[in-house]
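Throw the hints in and build the complete structure from the sequences for me.
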Amino acid sequence: GRHILVAFVSDNVKQRSYSGSITLDVGTEDYRNVSIEMHPSTDLTGRLMLEDGSPVRQPIYLRARGTLVAPLMNLINTNADGTFTISQVPEARYSITQNASDSCIVDIHQGGKSAYDEGFIGGMDAEPIEVILSRQCGTVQVQIVDDRKQPVPNAFVSLIPSNEHRRNPLLYRRSIYDVAASKYPPINLIPPGEYKMFAWDNIPP
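Quick note: the sequence shown uses the numbering used here, first residue 7, plus one each step.
Be aware that a few hints might be false.
Said to hold, decoys possible - Below, simulated DMTMM-like cross-link-like pairs (lysine to aspartate or glutamate); rule was C-alpha separation at most 20 Å, straight line:
#, residue 1, residue 2
1, Lys-119, Asp-131
2, Lys-20, Asp-49
3, Lys-119, Glu-57
4, Lys-119, Asp-58
5, Lys-119, Asp-153
6, Lys-119, Glu-133
7, Lys-20, Glu-43
8, Lys-155, Asp-207
9, Lys-189, Asp-152
10, Lys-189, Asp-207
11, Lys-202, Asp-152
12, Lys-202, Asp-123
13, Lys-189, Asp-153
These aren't lab readings, by the way, just hints derived from the structure by calculation. The model shown is predicted, which means the values in this text are computed figures rather than measured ones.
As structure tokens, this is what we get:
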């Protein structure tokens, strides 16, 4: 099958890190003397804004996706005009997350196109990103009942995006039963779009 081989190294003297990757189609023959080209980690710039272009100043997080060259989930502080710089980003794919209570991320642009589902590129020659927020986010109140219309506590409840967004981990949500309140809490700040909701009374390990 297809695999991605990654390498990551830190130069403590120069205080810089390097990373690289290569895709391998593994079949019946061995790979020998595989060469991986290493690239230095570089700064990534961006801007946080609303759908109308208004700048937003609030903390966001850089979250590594897919092939990880190193575990990473960094806090990013934005400026008053919404701009930000992420220092020393290794070569990989990333997403942006946030903990705001009044907005949701609805798109991420890089190089003039959406990188929301696939993730944007960091590392050498990476273009700036635009993170777009919306105040028009949805809420779903969950109630799980059985075939006798009786409440089902402790079910596994998941909100799943439509097929074209299934590769986007930012759009998957869960509601975990609140024993003290005897109900499922609402799923808040859902970006506009089409979803399916699934519930299971039990999932095998």
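Would you pick out the hints that fail for this structure and give their numbers low to high?
5
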